[in-house]
Each structure stands twice: as structure tokens, then as C-alpha cells.
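K.L.:
If you want the building blocks of each chain, they are given just below.
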Amino acid sequence: MILETLSTILLISGAFFSLTGAIGLFKFPDFFTRVHAASVTDSIATILIISGLILRTDFDLVAIKLLFILVFLLLTSPTASHALAKSARHGGLLTLAEIRDTQNKDNG
Amino acid sequence: MSFIVDYYNYWIVVFLMMAGFYIVISANNLVKKVVGLNIFQTSVFIMYISIGKVSGGSAPILADGITSYSNPLPHVLILTAIVVGVATTAVGLALIVRIKRAYGTVEENEFKDKDALI
Amino acid sequence: MFAQHFPVLPIVLPLIGAPVCMLLARSQLAWLFATLISGFSFFISIVLLLTTLDQGVLSYALGGWEPPWGIEMRVDVANALVLSVVTGLSTLVLVYAKQSIDKEIDRNQHTLFYTAHLLCLAGLSGILSTGDAFNLFVFLEISSLATYTLVSLASDRRALTAAFRYLVMGTIGATFILIGVGMMYMKTGTLNMLDLAARIAEYDSNRTLNTGLAFILIGVSIKLALFPLHMWLPPAYTHAPSAVSAFLAGTATKVAVYVMVRFIFTIYGAEYVFHEMGMDVILLVLAIVAIFNCSFVATVQSNVKTMLAYSSVAQIGYMILGISLVTSAGLMAGLLHIFNHALMKGALFMAVGAVLFRTGSADIKAYYGLGKRMPLTMAAFTIAGLSIIGVPLTAGFVSKWYLVTAALEQQHWLIAFLILTGSLLAIVYIGRVLEVAYFKEPADPTDTTIKEAPVLMLIPMWILVLANIYFGIDTSLSVSAADAASKWLFQPAADLGAVR
Amino acid sequence: MLVLTATSVAILSVMALALARALKADTVYDRILGVNMVGTKTALFIAVMGFLGGRPDFLDIAIVYALINFIGMIAVLRFFEYTATDGEPGDKEQSS
Amino acid sequence: MAELIDLVLLGMLAITALRIIFLKDLFAVVMLFGIYSFLSALIFVNLDAVDVAFTEAAVGAGIATVLMLGTLALTGRKEKANSHTALLPLLVVIVTGAALIYGTLDMPPFGDPENPANQHVAPRYIEESPQEVGLPNMVTSVLASYRAFDTLGETAVVFAAAIGVLSLLGLPKQSQATIESGLKSHLVLRVVAKLIIPLILVFALYVQFHGDYGPGGGFQAGVIAAAAIILYALVFGLPLATQVIQPKLLKILASMGVLIYAATGVAGLFFGGNFLDYNVLASDPVAGQHIGIIVIEFGIGVTVFAAILSIFYGFASQAERANIQ
Numbered sequence: 001m002i003l004e005t006l007s008t009i010l011l012i013s014g015a016f017f018s019l020t021g022a023i024g025l026f027k028f029p030d031f032f033t034r035v036h037a038a039s040v041t042d043s044i045a046t047i048l049i050i051s052g053l054i055l056r057t058d059f060d061l062v063a064i065k066l067l068f069i070l071v072f073l074l075l076t077s078p079t080a081s082h083a084l085a086k087s088a089r090h091g092g093l094l095t096l097a098e099i100r101d102t103q104n105k106d107n108g
Numbered sequence: 001m002s003f004i005v006d007y008y009n010y011w012i013v014v015f016l017m018m019a020g021f022y023i024v025i026s027a028n029n030l031v032k033k034v035v036g037l038n039i040f041q042t043s044v045f046i047m048y049i050s051i052g053k054v055s056g057g058s059a060p061i062l063a064d065g066i067t068s069y070s071n072p073l074p075h076v077l078i079l080t081a082i083v084v085g086v087a088t089t090a091v092g093l094a095l096i097v098r099i100k101r102a103y104g105t106v107e108e109n110e111f112k113d114k115d116a117l118i
Numbered sequence: 001m002f003a004q005h006f007p008v009l010p011i012v013l014p015l016i017g018a019p020v021c022m023l024l025a026r027s028q029l030a031w032l033f034a035t036l037i038s039g040f041s042f043f044i045s046i047v048l049l050l051t052t053l054d055q056g057v058l059s060y061a062l063g064g065w066e067p068p069w070g071i072e073m074r075v076d077v078a079n080a081l082v083l084s085v086v087t088g089l090s091t092l093v094l095v096y097a098k099q100s101i102d103k104e105i106d107r108n109q110h111t112l113f114y115t116a117h118l119l120c121l122a123g124l125s126g127i128l129s130t131g132d133a134f135n136l137f138v139f140l141e142i143s144s145l146a147t148y149t150l151v152s153l154a155s156d157r158r159a160l161t162a163a164f165r166y167l168v169m170g171t172i173g174a175t176f177i178l179i180g181v182g183m184m185y186m187k188t189g190t191l192n193m194l195d196l197a198a199r200i201a202e203y204d205s206n207r208t209l210n211t212g213l214a215f216i217l218i219g220v221s222i223k224l225a226l227f228p229l230h231m232w233l234p235p236a237y238t239h240a241p242s243a244v245s246a247f248l249a250g251t252a253t254k255v256a257v258y259v260m261v262r263f264i265f266t267i268y269g270a271e272y273v274f275h276e277m278g279m280d281v282i283l284l285v286l287a288i289v290a291i292f293n294c295s296f297v298a299t300v301q302s303n304v305k306t307m308l309a310y311s312s313v314a315q316i317g318y319m320i321l322g323i324s325l326v327t328s329a330g331l332m333a334g335l336l337h338i339f340n341h342a343l344m345k346g347a348l349f350m351a352v353g354a355v356l357f358r359t360g361s362a363d364i365k366a367y368y369g370l371g372k373r374m375p376l377t378m379a380a381f382t383i384a385g386l387s388i389i390g391v392p393l394t395a396g397f398v399s400k401w402y403l404v405t406a407a408l409e410q411q412h413w414l415i416a417f418l419i420l421t422g423s424l425l426a427i428v429y430i431g432r433v434l435e436v437a438y439f440k441e442p443a444d445p446t447d448t449t450i451k452e453a454p455v456l457m458l459i460p461m462w463i464l465v466l467a468n469i470y471f472g473i474d475t476s477l478s479v480s481a482a483d484a485a486s487k488w489l490f491q492p493a494a495d496l497g498a499v500r
Numbered sequence: 001m002l003v004l005t006a007t008s009v010a011i012l013s014v015m016a017l018a019l020a021r022a023l024k025a026d027t028v029y030d031r032i033l034g035v036n037m038v039g040t041k042t043a044l045f046i047a048v049m050g051f052l053g054g055r056p057d058f059l060d061i062a063i064v065y066a067l068i069n070f071i072g073m074i075a076v077l078r079f080f081e082y083t084a085t086d087g088e089p090g091d092k093e094q095s096s
Numbered sequence: 001m002a003e004l005i006d007l008v009l010l011g012m013l014a015i016t017a018l019r020i021i022f023l024k025d026l027f028a029v030v031m032l033f034g035i036y037s038f039l040s041a042l043i044f045v046n047l048d049a050v051d052v053a054f055t056e057a058a059v060g061a062g063i064a065t066v067l068m069l070g071t072l073a074l075t076g077r078k079e080k081a082n083s084h085t086a087l088l089p090l091l092v093v094i095v096t097g098a099a100l101i102y103g104t105l106d107m108p109p110f111g112d113p114e115n116p117a118n119q120h121v122a123p124r125y126i127e128e129s130p131q132e133v134g135l136p137n138m139v140t141s142v143l144a145s146y147r148a149f150d151t152l153g154e155t156a157v158v159f160a161a162a163i164g165v166l167s168l169l170g171l172p173k174q175s176q177a178t179i180e181s182g183l184k185s186h187l188v189l190r191v192v193a194k195l196i197i198p199l200i201l202v203f204a205l206y207v208q209f210h211g212d213y214g215p216g217g218g219f220q221a222g223v224i225a226a227a228a229i230i231l232y233a234l235v236f237g238l239p240l241a242t243q244v245i246q247p248k249l250l251k252i253l254a255s256m257g258v259l260i261y262a263a264t265g266v267a268g269l270f271f272g273g274n275f276l277d278y279n280v281l282a283s284d285p286v287a288g289q290h291i292g293i294i295v296i297e298f299g300i301g302v303t304v305f306a307a308i309l310s311i312f313y314g315f316a317s318q319a320e321r322a323n324i325q
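Chains as they are written, first to last, in UniProt numbering: chain A, 1 to 108; chain B, 1 to 118; chain C, 1 to 500; chain D, 1 to 96; chain E, 1 to 325.
Hints should not be assumed to be uniformly reliable.
[What the hints assert, rightly or not] Once the Cα atoms are required to be at most 25 angstroms apart in a straight line, the calculated SDA-like pairs of lysine to any residue come out as:
#: 1; chain 1: D; residue 1: K24; chain 2: B; residue 2: I12
#: 2; chain 1: E; residue 1: K80; chain 2: B; residue 2: E108
#: 3; chain 1: A; residue 1: K86; chain 2: A; residue 2: V40
#: 4; chain 1: A; residue 1: K86; chain 2: E; residue 2: E320
#: 5; chain 1: D; residue 1: K24; chain 2: A; residue 2: F28
#: 6; chain 1: E; residue 1: K80; chain 2: D; residue 2: L2
#: 7; chain 1: C; residue 1: K98; chain 2: C; residue 2: R207
#: 8; chain 1: C; residue 1: K372; chain 2: C; residue 2: E435
#: 9; chain 1: E; residue 1: K173; chain 2: C; residue 2: H110
#: 10; chain 1: A; residue 1: K86; chain 2: D; residue 2: A20
#: 11; chain 1: C; residue 1: K451; chain 2: C; residue 2: R432
#: 12; chain 1: D; residue 1: K24; chain 2: E; residue 2: A14
#: 13; chain 1: D; residue 1: K24; chain 2: E; residue 2: E79
#: 14; chain 1: E; residue 1: K248; chain 2: C; residue 2: R432
#: 15; chain 1: D; residue 1: K24; chain 2: A; residue 2: A85
#: 16; chain 1: E; residue 1: K248; chain 2: C; residue 2: Q109
#: 17; chain 1: A; residue 1: K86; chain 2: D; residue 2: T27
#: 18; chain 1: E; residue 1: K248; chain 2: C; residue 2: L24
#: 19; chain 1: E; residue 1: K78; chain 2: C; residue 2: R158
#: 20; chain 1: E; residue 1: K24; chain 2: D; residue 2: V9
#: 21; chain 1: B; residue 1: K100; chain 2: E; residue 2: A14
#: 22; chain 1: E; residue 1: K248; chain 2: C; residue 2: H110
#: 23; chain 1: B; residue 1: K100; chain 2: E; residue 2: E320
#: 24; chain 1: D; residue 1: K24; chain 2: A; residue 2: I64
#: 25; chain 1: E; residue 1: K173; chain 2: C; residue 2: A25
#: 26; chain 1: E; residue 1: K173; chain 2: C; residue 2: R107
#: 27; chain 1: C; residue 1: K487; chain 2: C; residue 2: F292
#: 28; chain 1: A; residue 1: K86; chain 2: A; residue 2: F32
#: 29; chain 1: E; residue 1: K173; chain 2: D; residue 2: V9
#: 30; chain 1: E; residue 1: K78; chain 2: C; residue 2: R157
Just so you know, the hints here were simulated from the structure itself, not pulled from any lab data.
Using the sequences provided together with the hints, build the complete structure.
P.N.:
What follows is the structure in C-alpha cells.
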């Protein structure tokens, strides 16, 4: 029963975090802040939801697989976000602050 | 109403197929043609899988306490068809790479200018 | 010991042969191996043809699972006949290919050529022998993929665009067939052809089944290059390596014609397709348009290979015409024409390939005065050309004769007249080549490099030419096989199902 | 059960939002971000769906999704490094 | 619930497909195609086709997308604006679509267990196969035993594709890694990739041998194993990858896989059964089935791995070549 309640809390908060991340994907002003919103919430939502699911298993092979997914996602998802942001940086994409700076320079 | 519930799946699938088919026959760019072919085929796969679905059924892997399974035969057919599809895609894309090297373009309407096709 | 396994061997042999061929590093070895495999398949096909003429139908349950659950190979006279044509032509083409390929394809791709050829053969044999509608799709795709590869192996860059166009059209066709098979499965719950036939016969008219048939027929029409879906064929046959053109012209589209026959007659039943859905009129009109349109186009081509390709589309029109007459005699004429057309088109493409081998060109200008320089090749071209026209004592005459008789039997005077007029057009396009070859002087009389084609190319070419003459005079084997096949196909499909 | 349903609905709506981002993006990178998010959320969705359908043993598919998503991302990055010389991938997309 | 999810996912698919029609940036088209493939795999999961979803995710979304990106890298990203109006294609599509809609009118209702498709042949697979073939996964039973000939054909198709790509693009020469390539500036990525690649290979082995009991099997395992090497090649560069798995070896492996499969079938002949009859492989039919299925799944895995990887090598070597010039 305790496990059930705990799992419910974890799942609901996980769902909440992933929703905030998705909203951030639209509300944030430039790419780098958006990547931040997406990747941070992605990780926390993954941890929460998968742990919530693990609590619902009988701690057998299914739990191990879930753990594997968790580890895998935690390794790859931030790496992908990091590499993407880095690539964007290399590709010449500017942050909002930098754009403002260059505009100020142009004006002044 | 039950008419719609019975068939909505097939109608959307028909729309998807036709979207893919339209891309194949209207696109000028060869890569886009191949993408269209893939969309067309994938939609046909969805049609097949819809055939095999049984309401309230479960995946056709034997397990305790489950009595109703979906039909495994369409799954097998589509497994084969997916592999066939990707094989065709690979050969098509390889042809595109070679065409680009030989003609310098992958736009279909530009071949005629460079080389009488027939 | 293996006799009971013969129905599956023409597929399995080349299918095993292909990877082995890939492992053989040397071109010579691969050639020898592929030819042996193909020859052995031919031998088995002949045995199958004789057995089926004698005993009717051979059924083979793969994996030991009885038919509606497992896949069945089902060989009757109709597919054994086409199977013999395919494997026989494949063997001759492989013999011919050795030198032709040496010249036309890059050296380190030779093993790939033979591997692809064997895969194509396995796919075509599979389409012919299988008794399962989905299995047919799988083998169709094997043969198609191998064909795209074979076409694109040519060194001409136009072969690439031709192969791509072929690929797109071929895949659309295959997907249409897939949709059709899905609709059939939806209403019947089976994929076995005979089982399908028995269960389709229970419905008298059903919108899903009708649509399924329409999609299958359109898909197959793309594969067999029925007018107006033929536009992929001429470029593919023109730019493919000569050996490939010779093989494909005689087999690939003909196998597709067989598939159409199978779906119409065995699965849906002629009654359903022609009377309920009125397909015969559509097919008849398309066939006649194909004959005239493509024969006309053939007469103005300057490239002889393109000319022959258009002529092929026109000849397919004759086969479809035979089918659309909806009589046993018409179907028999159509099947007979599959057989005879393989003989004459194979020989013609081989002759053109031999000219290409010596002169490096397939343009009609290269044929000026060739009658003196390559007498044997041009003689072969002449005889096979006469066969296309339908001159008596050639195989082409026999099938045209039966076609005309079948039309007259139904009092279709106009159709008979149109068939004969179509032959006149063949006189024009074949005649153009013969005229320049025999009555024009060569452009450069001092050029001595152009001489008779090598023996290894002449032998298979002349075997086909002699076959043209033989089957023009002694028609007993070909006609009796085609006759038995059409009678077999024409019995109502549901009865066939009941037999089992 | 209700919790699982609620979670799956939430994930599905996140996927829809991420899809919207991928369909209509300001820069290419935003598009990739959207695609990546669809991928990771799909893996989660399958995991939840397994529990919802009462057959949680199909998690292998979720693993494949995560894996393929990662490889796809890397392929995209490789593509950028490769084409970096002949075109600015950071350009605003002209079409929409 | 399943119907509702189905509807939502189908709606997403429809929007994605519509967007692809109008996009001119081919890179975006390929990305959206990846999503399309992913979503359709989700639909397959939702409609209980777990094996199909597995394959579609790995093959459709993974390999096809990677190959398309490789092609784009060589042919350019932008589709040229199309001047002529596409009225004829639209007409063709509308007619075809109308025909299909007409065809749906007599279709059996979606999801009804009484449908003919679920009545005639399928019940035997569901009810008897666990005893006859002895595997819990009915899809594997049908794939590898009842319809094993289809699967042999499918393996041949993959082999044919490898032949085709090989003849068109060739294989890379095994070089001494003189050209530095790969994502060398992404240090984090390289470390993580090193960690993950062994995990993926282990997972591939699991999928190969667990396919009898859960979703998976030779195809999926072969693709996943190839994906591991592809990941390696993407991160560390093609030259290094060709040192790990040599192109020449791939040719041999691709042929061997088909031969293993066909040889299993021929073995049936020699033991007195039909082609691909596994019952005769052992004294007990179920044990025979088991041996046969394991061997052919292994053959499939080998061919698919080698074929997919050599196809990737073909594309990558072209890219590498273009890069040097």
C-alpha cells in the first residue's frame, strides 16, 4: 500500500515535470534556454516515472529492464542534448544575450 | 455512429497511404520520392496490423491468465514487408547517390535538360 | 530420392547458389557455377513440365505444414511451362553473358552480376511455383531488387535513372499488390491461393474484394508494363547490359503476365472478373492500344534496343489480348505467345548485344552494311525478326495464328483484323534494320575491326533461333502444353479448391 | 490504474507538444530538439503502456526506442559536421 | 482506451504526413519521416503487434533514417521549387483514394474478433502453436516454422539489397585510420558511446536468443548489433570501424547467413522430411522445431547484421570519399 502511494506520487510528479518541460519548449525565448528546459525536465521526469513503475513491479526481470532503460536514458538523453547544444554553438547560433549585445553594438 | 467506430481506423489509414502516394508521384526530388514510398508502405503496414487487432485481445505471446490474443499472422507478414521495404529504400538511396555523382542533380526535371532519357 | 522435392528445387537451387557465387572470388568460377545451377534448374523444370502434363498438379508443403497453414508450392502445367521458359532462357543468357559482360561491366563487379542474376532467377521461379499469395509478393520483391541491380550495373549513366524509375514504379506496383492481398485476406482469412478461391466463391459481389482485385490488377499491370503503365520499361531495357535485356525481355514481364492469369483465373475465377466486373473490355482496349501505340513508337526509334523494348510492350499487348478474349482458346494463345515471345525476343536482344559488342553502339547507324560483316548475327536477327512479324514456319506465326483463330471463334472480326494490322507495323520496324544491314554500305568500309561475334555468343543466339524455327514447324510440344495449361486454368476456381 | 492512465495521457500530450515543435520550428536545432523529445517520451510511453495493458514484459521495445533515438541524434550531428562547410545549418528555414 | 490512443496517434501521423508534403527542406522531411516511423511503431504496440513495432522502430526509424541522412549529406538539403502544378498526381491520388474508401465499405469492422481474418487460419496458430512448435511467442512460431519459406525469401531480399548497394557504391578499403574523422570535438559523446556500445551488443544477443519467449528474434538482433557498429562508426569515424569489422568479412558473413538458413532447410530433406521441415531434425518433433528455429534465427541474424552494416559502409565510404576531395 505504501509502495502504491509512493508510486502514485512519483508518477504524478513525473508527469507534471514532463508537462512543464513541454511548455518550456514553447515559452522560452531562444534555443539554448529551450534545450535547457527540455533536457533537465526530461531527465527528472524519466527518473520519477521509471522509479514509479519499478515500485509497481514484483522486482523481477521487469524491474531490471526498467532499471536498464533508466540508466540508458540517463546516459544518452543528456549526452544528446549536450552534443546538440554544442553543435548549435559551433554552427554559429547565438544566445539571446549575445544577440542583444550585437544589436546594441549595431545601434551604438 | 457505429459505422464510424468500425471504420475510422481504415479511413485515416487510407488518407495516410494517399499522402505517401502523392509525395511519390508529385515530388521532383528523388530523395523525397523515396521518403514518400516509405510513408506509403508504412501506412499499408498499419492497415495490415489493424486487420489483426482483436478488441480486448493481447499481444500474441503466450502468458498465464490471458485468453484472447490478437491475430499473429498479419504481424508475421508485416515483419517481412518492413524488411523488404527497407531493402528497397537502401537500393533506391544508393541509386540516388550514384545519380547525383553522374548528373550533378537529383531533381527529376533536370535530367531531361542534361540527357535525353530515352 | 529427390523427385518428390522437385517443385521446390528450381527456387532453392539458385537461392543457395547466389551466396555461394558471392563467395567465389573469381569471375570465371562464378560464371561456370551460375551456369551450372541455372542449367540444373532448367533440367528440373523440364522434368516438372513432363510430369505435370502426365499427372496434373504437384503440391509440396513447405516445412511439412499442410497448406492453408503452411506455404504450399503448387506446380501445374501453366507454371511449369513458364518455369521452363524462364530457367531455359536464363541458362542460355548466362552462356551468352560471359563475353558480353566482360566488355560491358567493370571487372570486379562480375561476381555481383552472377549473384544478382541467380537471385533474380530464384525470385522468378518462386513467383511461378508458389501457391501462396503473400509468398508471391516476397519473391516478386527478390526478383525486382535483383533486377534493379542488374539494370544499374551498366556503365551508361542513363542506366541509373532508368533503374531508379523502374524501382519507384516497381515498388508502387508491389505495394498495390500488397494492398490487394490485404483486402483479400481481410475477407477470407487465408492466403493460400486455392483456399482463397474457394472462399471468394462464397461471396457473389463484395466491394472490398472488388477493390482488392482492382489493386492487384493495377499493381501487376505496372510490373508487366501494360500500356499506359509501361513508361519505365523502354529506358530500363535500353540502358541495361545486353545480357540483362535479353533475360528480362523474355522473362520478367512474362512472369507478371502469369501472375495476372493466376489471380484472374485461379483465385477470382474468370466468371467473377470478366462478367461481374467487366474487366475484359478494359483489358481488351488497353491491349489493342498497346499494340498500336507502341508498335508505332517502335518504328521511329533510332536506337535498336529501344525499338525492341517498345516492340516488347506491344507483344505484351498480344498476350493480354489473348487473355481478355475470355475463352480457353484465347488464353491458350496468350500462354503460347509467352513461350514464343521469350524465344524471339531473347534471340533479338542477343543479336543486338552482339552488335553492341563489336561496334560499341546500338544505334541504327551502326547496322549499315552489317549483313556482310556479321553474317551469322544478322541472319539470327532476320529469322527472329521474321518470327516477331509472324511469318509462317516461325514460332511467331503459330501464336498469331492461334490468336486470330481464337478471335474469329468469337466472331470478333475486327480484333482479328487489328492483330494482322499490328503485324504489318512489325514489318516496318524490323524491316528498317534489315534494310540498312543488307542494302546499305557501311559508313566506314575500311574499318576491319568489326567482325563476326564470338562463338560463345553465337551458340545461345542460334539455339534460340533454331528453336524459333523448330517450334514454328513442330508445334506439338508447345501447343499441347499451352492447351493443357489453359484448360487447367479455365476450370472454375472453386472446383479446384473442392478437389483438395 | 487511474494514475497510469493519467500519466499516459500526460505523456501523450507532451508528445503532441513536442511534435508541434518539430513540425513548426524556428531553427533546425529546435526541430531536432522536438524530435529528440518525441523519441524519449515514446520510450516512456511504451513503458507505461505495458503496465496499463497488464503486460509489462514488452519493455524491450522501449529500450530499442531509446537506443534508436540516440543513434538518430548522433547521425544528425554527424550530418551537421559533414555539411557545415557548404551551408549554414543554423539558417532560418525558408519554407514553412 | 486502446481505440482512443489509436485515434490520437493516427491523428498525429496524419498531421506529420501533411507537413511532409509541403516541406521543402529535405533535412526536415527526413526528421519528420523518423517521427512518422516512430509513431507508427507506437501504433503497432498499441494494436498488440509488439514484434512488428520492434522491427519498425529499429529498421524503419533507425536504419532508414540514417541512410537517408547519409544520402542527403551527399546530395544536398534543399528541394528546388517546383514550377509546374501537380494536378495530374492529385487527380490520380484522389481516384485511388476514392477506390480504397469504396473498398473499405464492405470491410469487416475494426477489432471484431468474429472477422474472417481472425477465424480461418489464425486460430490454429494461436491455439496449437505453443504445443506444435513449443514456443510461447506465436509470431516467432509462424515466422520461423509455419511460414519459414517467406522468411527465407526475406533473408534473400536483405541479401539482394546488400548486393545492390555493394554494386552501386562499393565497400570502403580498409585503411590505416590516417584520416581523422568522426565527432572528435565531442568528448562527452565519445566517452558515453564507449560505455554504451558494449551494452547495445549485449542487448542484441539477448534479443537474438530471447525472441522465442518475447518480442525479438534474428532480424531485430541483427539490426541492433549493426546499429552498435554504426554508432561506433558515427562517433569514431569509418576507418576505425572498418578495422573492427572488416568489409571483406561482411561479404562472407552475409552469404553465410543465407547459407545457414538454406542448409537447415536442406537438412530436412536429408532426414526424410520436406524442405524446411524441422520435425525430423530430432527424434522429438518439438525438440526438432526448437533446433531448427534457433539455427535459422541465427542465420537471419548474421545476414541482417552483415547486410545492414555493409549497406551503411557503402554510404559512409561515399561520404568519406567526397569529404577528401
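K.L.:
Decide, hint by hint, whether the structure agrees.
P.N.:
Going down the list of hints, with the structure as the test:
no., hint, result
1, D:K24 / B:I12, "holds (22 angstroms)"
2, E:K80 / B:E108, "holds (10 angstroms)"
3, A:K86 / A:V40, "holds (16 angstroms)"
4, A:K86 / E:E320, "holds (23 angstroms)"
5, D:K24 / A:F28, "holds (15 angstroms)"
6, E:K80 / D:L2, "violated (50 angstroms)"
7, C:K98 / C:R207, "violated (51 angstroms)"
8, C:K372 / C:E435, "holds (13 angstroms)"
9, E:K173 / C:H110, "holds (19 angstroms)"
10, A:K86 / D:A20, "holds (24 angstroms)"
11, C:K451 / C:R432, "holds (22 angstroms)"
12, D:K24 / E:A14, "holds (15 angstroms)"
13, D:K24 / E:E79, "holds (18 angstroms)"
14, E:K248 / C:R432, "violated (50 angstroms)"
15, D:K24 / A:A85, "holds (19 angstroms)"
16, E:K248 / C:Q109, "holds (15 angstroms)"
17, A:K86 / D:T27, "holds (15 angstroms)"
18, E:K248 / C:L24, "holds (13 angstroms)"
19, E:K78 / C:R158, "holds (24 angstroms)"
20, E:K24 / D:V9, "violated (33 angstroms)"
21, B:K100 / E:A14, "violated (31 angstroms)"
22, E:K248 / C:H110, "holds (16 angstroms)"
23, B:K100 / E:E320, "holds (16 angstroms)"
24, D:K24 / A:I64, "violated (38 angstroms)"
25, E:K173 / C:A25, "holds (17 angstroms)"
26, E:K173 / C:R107, "holds (17 angstroms)"
27, C:K487 / C:F292, "violated (29 angstroms)"
28, A:K86 / A:F32, "holds (10 angstroms)"
29, E:K173 / D:V9, "violated (51 angstroms)"
30, E:K78 / C:R157, "holds (23 angstroms)"
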